[in-house]
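**Student:** These are the residues of each chain, in order.
Number of protein chains: 4
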Amino acid sequence: MTIRVAVAGASGYAGGEILRLLCGHPRLRTGDLEIGALTAGGNAGSTLGSLHPHLLPLADRVLEDTTPEVLAGHDVVFLGLPHGTSGQIADALAPSTLIIDCGADHRLQNAQDWLDYYGSEHAGTWPYGLPELPGNRDRLRDASRIAVPGCYPTVSILALLPAIAAGLVEPHVTVVAVTGASGAGRTAKVDLLASEVIGSARAYGVGGVHRHTPEISQALSEAAGTPVTVSFTPVLAPMARGILATCTARTTASAAEVRAAYEKAYDDETFVHVLPEGTLPATGSVIGGNAVQLAVTVDERAQTMVAVGAIDNLTKGTGGAAVQSMNLALGWDETEGLSTVGVAP
Amino acid sequence: MTIRVAVAGASGYAGGEILRLLCGHPRLRTGDLEIGALTAGGNAGSTLGSLHPHLLPLADRVLEDTTPEVLAGHDVVFLGLPHGTSGQIADALAPSTLIIDCGADHRLQNAQDWLDYYGSEHAGTWPYGLPELPGNRDRLRDASRIAVPGCYPTVSILALLPAIAAGLVEPHVTVVAVTGASGAGRTAKVDLLASEVIGSARAYGVGGVHRHTPEISQALSEAAGTPVTVSFTPVLAPMARGILATCTARTTASAAEVRAAYEKAYDDETFVHVLPEGTLPATGSVIGGNAVQLAVTVDERAQTMVAVGAIDNLTKGTGGAAVQSMNLALGWDETEGLSTVGVAP
Amino acid sequence: MTIRVAVAGASGYAGGEILRLLCGHPRLRTGDLEIGALTAGGNAGSTLGSLHPHLLPLADRVLEDTTPEVLAGHDVVFLGLPHGTSGQIADALAPSTLIIDCGADHRLQNAQDWLDYYGSEHAGTWPYGLPELPGNRDRLRDASRIAVPGCYPTVSILALLPAIAAGLVEPHVTVVAVTGASGAGRTAKVDLLASEVIGSARAYGVGGVHRHTPEISQALSEAAGTPVTVSFTPVLAPMARGILATCTARTTASAAEVRAAYEKAYDDETFVHVLPEGTLPATGSVIGGNAVQLAVTVDERAQTMVAVGAIDNLTKGTGGAAVQSMNLALGWDETEGLSTVGVAP
Amino acid sequence: MTIRVAVAGASGYAGGEILRLLCGHPRLRTGDLEIGALTAGGNAGSTLGSLHPHLLPLADRVLEDTTPEVLAGHDVVFLGLPHGTSGQIADALAPSTLIIDCGADHRLQNAQDWLDYYGSEHAGTWPYGLPELPGNRDRLRDASRIAVPGCYPTVSILALLPAIAAGLVEPHVTVVAVTGASGAGRTAKVDLLASEVIGSARAYGVGGVHRHTPEISQALSEAAGTPVTVSFTPVLAPMARGILATCTARTTASAAEVRAAYEKAYDDETFVHVLPEGTLPATGSVIGGNAVQLAVTVDERAQTMVAVGAIDNLTKGTGGAAVQSMNLALGWDETEGLSTVGVAP
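Chains as they are written, first to last, in the UniProt record's numbering: chain A, 1 to 345; chain B, 1 to 345; chain C, 1 to 345; chain D, 1 to 345.
In isolation and in its complexed conformation, chain A is listed as follows:
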């Protein structure tokens, strides 16, 4: 049986990344996987080649409108759409269709959090596409609806989880995450122009207002079994891809204790790599790959654990997580079409 896949929002960065990964998926070559409809909003009617010239094998594909009719008849539908739109699309598709939503709509469990941060009615909660969370892999194996985590939450949660879960740090964490510009999407805005971003670092969403904050808090609180507050500050740096998250929390544990907890937690994980002591993560090492690179230590003078994580926001942070989730839900090897090798330098 051939699994037929559609990508809604194919002209954006999330859609483009999913397609990049699908182009290299081994099941495409064997015929188990087929790339069906590619849809867009304003870009419908254009060729994919004019929008994503890096996807040469699909260059002649023409984008269709994002409608339930076009998306129907596919086994898997990836959604790379603005938040607030995926619920409606999902309702119109068959319940058996595997829908993998890269938007935020179905990530939060608490309707009040959704209301506070997004200002609208909550669309419900779907299994969370972060297989590395304890117990999550099983949930994803049975799922026909999957909410891909936000890019910041992916790296922040994975960088803090072992310490939080083991109770090694106080349940208040600080995350300062440096991101490339692609995290802001492919919409024309003056403050995302190259001239504005190149040569400059700037914070945004300061003071706990970024929408990924409750998502980080939710996962960490669940792991801790107690509420974990999160001070989260995103910083835009002059690069296209990558997130480097510096995560701190007060601790009385030693560096060795903390390190042991991380190594144990991620020992069996293909995509999460705790670096050897003295080595620190760089986003440049994970570009285009699905790896999370982590380093953790304790500043004993300041009684503070410092965990630093690097991911590619578009791969492990979006498209890679989406493909990883698809693989799981289809019963395929979780790592198919995904690599721990980055493109560097």
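Quick caveat, the hints were computed from the structure, so don't treat them as lab data. None of the values given here were measured: they were computed from a predicted structure. Some hints here could point you the wrong way.
[Claimed, not checked] A short list of chain D residues far from chain C (calculated; beta carbon distances all over 10 Å):
no.: 1; residue: I35
no.: 2; residue: G36
no.: 3; residue: Q109
no.: 4; residue: S120
no.: 5; residue: H172
no.: 6; residue: E196
no.: 7; residue: V209
no.: 8; residue: A302
no.: 9; residue: V308
[To be verified] Across the chosen pairs, the derived CB separations fall in these ranges:
no.: 10; chain 1: D; residue 1: D191; chain 2: B; residue 2: S120; range: 29 to 37 Å
no.: 11; chain 1: D; residue 1: E300; chain 2: C; residue 2: G225; range: 21 to 29 Å
no.: 12; chain 1: B; residue 1: T187; chain 2: A; residue 2: V190; range: 33 to 41 Å
no.: 13; chain 1: C; residue 1: R141; chain 2: A; residue 2: V190; range: 33 to 41 Å
no.: 14; chain 1: A; residue 1: Q88; chain 2: C; residue 2: E121; range: 47 to 55 Å
no.: 15; chain 1: C; residue 1: V190; chain 2: D; residue 2: A72; range: 49 to 57 Å
no.: 16; chain 1: C; residue 1: Y204; chain 2: D; residue 2: Q88; range: 26 to 34 Å
no.: 17; chain 1: D; residue 1: K189; chain 2: C; residue 2: D267; range: 30 to 38 Å
Just so you know, even glycine gets a beta-carbon here, dropped at the ideal spot from N, CA and C.
Got chain A; can you put chains B, C and D on it based on the hints?
**Tutor:** This is chains B, C and D only, laid out in the frame that chain A set:
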């Protein structure tokens, strides 16, 4: 009387920045100021034009060796040298010579801190070239020896000072500071190659080991009247200049209280600018200028104050502070030759 | 008498650069110069601080609408507007007002060229704000209307002029010019997003269709006394500012002959600097300054002269040329408020 | 039979790229291919993880010294060594060993060219690893020694070949090629520091002195059947990877004629893609992939053909060409382990 200025370490980034600012200093045009000897280590014998092609008016100047003999006979000597070398040079120059050291040797008050972080015997403490610290301006007016602050401490201290001094936050602060590559100096190292830095963000000196940590702690502790612990993590981003420091501390104060403290503290300061509410600092706005741009707010959910500061590490973070200090020590207007205007975009 | 200056299009990059230079103009401090109305289109009503946070001294200024009424009553009006609009504004202002147009409308002498490249009726020709062209300085001293050259023509013409004027090369030149993104202006477009520009070099306007082509040809043909054809290709590189133009033409002259012509041509020019042999221009050396750095040599195997020039597209390429032209037209020293020092690294 | 591969110079960028591609080669998974010795000079003894943290699957591999003894016993040896060293290594290995040299030593046919540009005795000529050259594929199928082309020649030759071979342009071409910094290798040099490269474009090797010049000329002359002179100027831009070559030559042909020649020439080539009219190449579209993207047109006013090509200098420009050549020489499908999909944005 003409003040004759020498720059030791003129081939490096600190030396180049001091010279850039001196080229635009109004006292140069009036003849009150004269650029004398320019010295270097391995680059002695080269023209300045071959090393700093952006300093066209000085292009034909030839660098001399950094020796006390060459530096003697100047009224002001700027030192842009590796740490550990300025004490010796200073001892060999006349006590009346105004020596402004951009290196670390004379910044710390505590010999044990020096030993812990630099591993050698402490050379003594000089007045600290951060005029915006309470009481510091007077000390600098009488000084013939000045220690220019580190670039990270400058922005971190100024971003935290009002809250710490007013007791509005707990005496434990977290600083994650994103920097451009020029902060690492002009020494050929593989990990500072363009290919390694472009397209990548990476943390370094993680876990409280960066040498600027005790300098931040020292100034904040003095302002607080109680020890302030500092968790400091520097992050290298793909840009040449600029530091963006995200500083957090637990608080029960409101955003309005904190903001009022900052506005009061910096109301009379030319170079420290608290941005209007809703505006956030970007390093791109301060490149080439001596301004510090700050924003401060409180994340009430996380009971955390977030203060973000931006400087040009080479201007306000090094060469601008050096010139500002010189102006003060010579009895000139503190702002001469310095601008609050940046080069953007 | 105080010269009162208005800037129309103050929210764009050209307007911002003019204001940056005016903020440092010595006549502002002496009171000979005053910054009057700042106007914009869609950004009217905003503070300058929200649009150009690097211009701290003007942060509280509010932008007005771009109308003849607002601009009236100024001695100098700088226009940083889309082409096609300045003619109308100029007609509505007093003939004695010094109007300095950074747009393209009045640069070309040949109405057919205008029609071919811009597709509309020609608005007429104004004195060309490139004082370094032979005879041009005198024309600008008497002018009340000045057309600031395009950024590409400025560096391309200056890099080729001595060889063309002396007949040392064939009257067919090839220019490949690498530019930063600010040359494309401050309009939100997907293909100028940071994510699209960072990490990528791309050609545009290939095949002689770029609108600056006839402007280069016009100046070179006039200097040669014979038509000079120009193959011009612009390349967008991941930087905010700067143009590096590589200009070639067939020659039988020797490197020494060509070099001598350049040194003679620019010996008296403050802003045009022929680099010593073996040194090559970099845009990084001219950022924020008004300098043009040139190198020239002959490839004898290929019988080709190669002249390379670097400018800051916003300074010497736009705002600096505008201020230089203003200085001349007002009878001030041409170099006031302009520097040959760049901000580097 | 398992093909055992060694990489000499594994710590450099060429070596790293070859290993990145081998990690994704399908024959590695099937066991037909095995990664054997990895060697280095000064970095021998280090883990690959400390030098290429993006190559996670090989992180624990320890680099050995580059000696014939270590390299012996492999079926394929890739050489990523400074020029002048590969001849000696090759002589010491069995004649049946497939040696693929990424250095320059064996690319030129003319000993005088080698002497003129490299100043030493020529080591001899090996089959040239550019399968897209007419007749070259067959030569590579039988080869046990292969010289991988230089990065600039690869894109310049492919961008000019169809026009030159068909006699559509004059036999004098001008190439201005913008490159990322990785082309200069991984050696610590001040002028390759991030601070020097970011925010700046600069020409180097101006005047026909770059060593890739005779290589371009050689291939084009052979295709033309007459000597082709080449004016070649490389420009360093602030990016890590990628070359964009703008190639011009005088022509009386029409755009349609030229275009038809290109489409015909590359119709059957997997890795060379002539873009649809109106679309222009960007290096950002080919990063990490083995594709060459080309556009060609004619500027009729200037009677000049303009052909623009984009490649990833480390992939198609080095490591990808090396793997493509290996595939051919081993009788495998030429495209195995290579992709026409780039990592973008």
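**Student:** Hint by hint, say whether it matches the structure.
**Tutor:** Cross-check of the supplied hints:
Residue-level check passed: I35/D sits 28 Å from the nearest beta carbon of chain C, beyond 10 Å. For G36/D, the condition that its CB be more than 10 Å from all CB atoms of chain C holds, with the nearest at approximately 33 Å. With a minimum CB-CB distance of about 17 Å to chain C, Q109/D clears the 10 Å threshold, and the non-interface call stands. Residue placement check: S120/D keeps its beta carbon more than 10 Å from all beta carbons of chain C (closest about 20 Å).
With a minimum CB-CB distance of about 7 Å to chain C, H172/D fails to clear the 10 Å threshold, and the non-interface call is violated. Not every CB of chain C lies more than 10 Å from the CB of E196/D, the least distance being 6 Å, so the non-interface label is violated. The Cβ of V209/D sits about 8 Å from the closest Cβ of chain C, inside the 10 Å cut-off, so the non-interface label is violated. Distance to chain C contradicts A302/D as a non-interface residue, since its nearest Cβ pair spans about 4 Å, not more than 10 Å.
Distance to chain C contradicts V308/D as a non-interface residue, since its nearest Cβ pair spans about 5 Å, not more than 10 Å. Our hint of 29 to 37 Å for D191/D and S120/B holds, since their Cβ atoms are close to 32 Å apart. Take E300/D and G225/C: their Cβ atoms lie about 24 Å apart, and the range 21 to 29 Å holds. As the Cβ distance of T187/B to V190/A is approximately 38 Å, the hint placing it in 33 to 41 Å holds.
About 38 Å separates the C-beta atoms of R141/C and V190/A, a value consistent with the hinted range of 33 to 41 Å. A hinted range of 47 to 55 Å holds for the C-beta pair Q88/A and E121/C, which are about 50 Å apart. Between V190/C and A72/D the beta carbons are some 54 Å apart, a value that agrees with the proposed interval 49 to 57 Å. Look at Y204/C against Q88/D: about 46 Å separates their beta carbons, and that is not inside 26 to 34 Å.
Remark: the range hint 30 to 38 Å for K189/D to D267/C is upheld by a beta-carbon distance near 34 Å.
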